[in-house]
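Trainee: Sequence:
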Amino acid sequence: MYEVSVALQYLIPRRRYLSVSIISTISIFVIATVVWLTIVFFSATEGLERRWTEKLINITAPVRIIPKDTYYRSYDYLIDSMSEHSSYAVKTLREKLDADAADPYNPEHDPELPLDFPKKGDKNLVKEAFNAAQNLKAVQDVEVSVFETAFATTTIRLIRQDTSAQQGEFTTRVLTQPSYLVNFELELQNLQKKSMLLPSQLSDSEIQRLLSDNGVVLPKSFRDSGVHVGDHGTFGYYAPQATSLQEQQIAFTVAGFYDPGIIPIGGKLILVNPKTVSLIQSASQTEDGLMPTGLNVSFQNYGKAVAVQKEIENNLQKAGIASYFTVETYDQYEFTKDIFQQLKSERNLFSLISLIIIVVACSNIISMLIILVRDKHKEVAILRALGATKRSIGFIFGLSGFLMGATGSVIGASAAYVTVKNLNALLSFLGKLQGFDVLNTNFYGEMMPTDVSLYAFLLVMISTAVISTLAGIIAALQASRQNTSDALREG
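Throughout, our numbering is defined as the position within the sequence shown, counted from one, plus 1496.
Because the hints were derived from the structure by calculation, they are not lab data. Glycine is no exception: its CB is placed at the ideal position from the N, C-alpha and C atoms. Watch out, some of these pointers could steer you wrong.
[Claimed, not checked] 25 Å max Cα-Cα, derived DSS-like pairs, lysine-lysine: (1) Lys1592 / Lys1564; (2) Lys1917 / Lys1564; (3) Lys1833 / Lys1551; (4) Lys1833 / Lys1690.
[What the hints assert, rightly or not] Pairwise CB distance ranges, derived in the manner of DEER restraints: (5) Tyr1734 / Leu1698: 31 to 37 Å; (6) Phe1525 / Ile1958: 41 to 47 Å; (7) Arg1656 / Asp1709: 18 to 24 Å; (8) Phe1932 / Thr1566: 29 to 35 Å; (9) Ala1597 / Leu1698: 24 to 30 Å; (10) Leu1611 / Phe1831: 21 to 27 Å; (11) Thr1946 / Asn1844: 20 to 26 Å; (12) Glu1681 / Glu1743: 27 to 33 Å; (13) Phe1525 / Asn1918: 19 to 25 Å; (14) Arg1546 / Asn1686: 20 to 26 Å; (15) Thr1885 / Ile1958: 45 to 51 Å; (16) Ile1522 / Glu1550: 40 to 46 Å; (17) Gln1630 / Ser1924: 45 to 51 Å.
Can you build the whole structure from these sequences, using the hints too?
Mentor: In structure tokens:
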């Protein structure tokens, strides 16, 4: 098509049309810069968000089922406190799942229920919720497990050889910290699958021995504080006795460390075997539902978390127990939703800013093409005299705007790809120049992600193509409305 050849000729820089060439070059440069920065920013933030999400899911699950207050006021929950078979104590979710009898109450031996006691339903709430999470169509290989949280005082004795004293002398330092204990299947294979920071200098059999010795996995902040694998410590908590509350202690051995990512309480979250957490939680005299407990729903593709959430909610609705439980995805958890909401807000804000900058950058195309139309008015008139239609003239300048935007986008995308793939080397170089790390490794990790964001690529490429084409159309309308006879007369 001759329109394409004419458009390409108009865009080739020439000394005779210096002003047009300068504006064209600046427009392409600005567009390329915006595309480059946008793709680099989104690639880095998406990679970090994906990494933080994976670390979170490693110690929790993509979806959780949480009991509501209505559950803690229900017959199913309170009836254990009225039964001798349950030692007149309410049961945890784990104990409810493992119980042989759904209703332990025996009216012949147990005290009479108060008049205001909740009415007995026809559903086993916990087991029905468990079944609602197991039978899913949205994902395969679903694992449903109980998660429990307990609070205890962690005390670790750091016994170290004193290098400044005589050989054989040791120093002792005590590290004490209030901690949240989360139940976790502390098996070597499971920990390796979750990419926990297990000690590489130890064999698998030695690590398994530590895990068997009531081993725990601590946040890496403990390692930074001088704690070593193999150190011993205790969990302290208070349990009711006949006349008073007495402090109890459970010994443990440090078996490894993990990276909690950006979880606000990550430095206090310790992974412990389920029996220990259940023991401490059942002994603690806390308000019902105060310490998080519920069902973890684990599966591989956390991108389907919303679909799984909706399916579980539908299953709970069909079972008639939706009023007793709430279903949350990983970005709705109480201790993470603020972070994920902030990340989404920043991504949306930067998307808007990027679009505004692209519009401003593409406005230069309008100026350049208007100047080009004025400089080429005689050539346009000749084309019209030779039989070119207004549509053909408009197509030439519209195509010119599109080609400028496409050229800037290709240059910017290429630069962004090279930058993202070499981002760690660039940050290392900048860190050496200023004398300290550019990014805090506690939040961003040792290495930055190096995957290019498909979302950012499509965003800038499509928006740049559309906006630059619209910019070309404005100039095309002016060119197509030009009076042929007047242009030739002026020539």
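Trainee: Run every hint past the structure and note whether it holds.
Mentor: Structure-based check of all given hints:
| no. | hint | in the structure |
| --- | --- | --- |
| 1 | Lys1592 / Lys1564 | holds (16 Å) |
| 2 | Lys1917 / Lys1564 | violated (46 Å) |
| 3 | Lys1833 / Lys1551 | holds (15 Å) |
| 4 | Lys1833 / Lys1690 | holds (22 Å) |
| 5 | Tyr1734 / Leu1698: 31 to 37 Å | holds (35 Å) |
| 6 | Phe1525 / Ile1958: 41 to 47 Å | violated (21 Å) |
| 7 | Arg1656 / Asp1709: 18 to 24 Å | holds (20 Å) |
| 8 | Phe1932 / Thr1566: 29 to 35 Å | violated (52 Å) |
| 9 | Ala1597 / Leu1698: 24 to 30 Å | violated (45 Å) |
| 10 | Leu1611 / Phe1831: 21 to 27 Å | violated (40 Å) |
| 11 | Thr1946 / Asn1844: 20 to 26 Å | holds (24 Å) |
| 12 | Glu1681 / Glu1743: 27 to 33 Å | holds (28 Å) |
| 13 | Phe1525 / Asn1918: 19 to 25 Å | holds (21 Å) |
| 14 | Arg1546 / Asn1686: 20 to 26 Å | holds (22 Å) |
| 15 | Thr1885 / Ile1958: 45 to 51 Å | violated (29 Å) |
| 16 | Ile1522 / Glu1550: 40 to 46 Å | holds (42 Å) |
| 17 | Gln1630 / Ser1924: 45 to 51 Å | holds (47 Å) |
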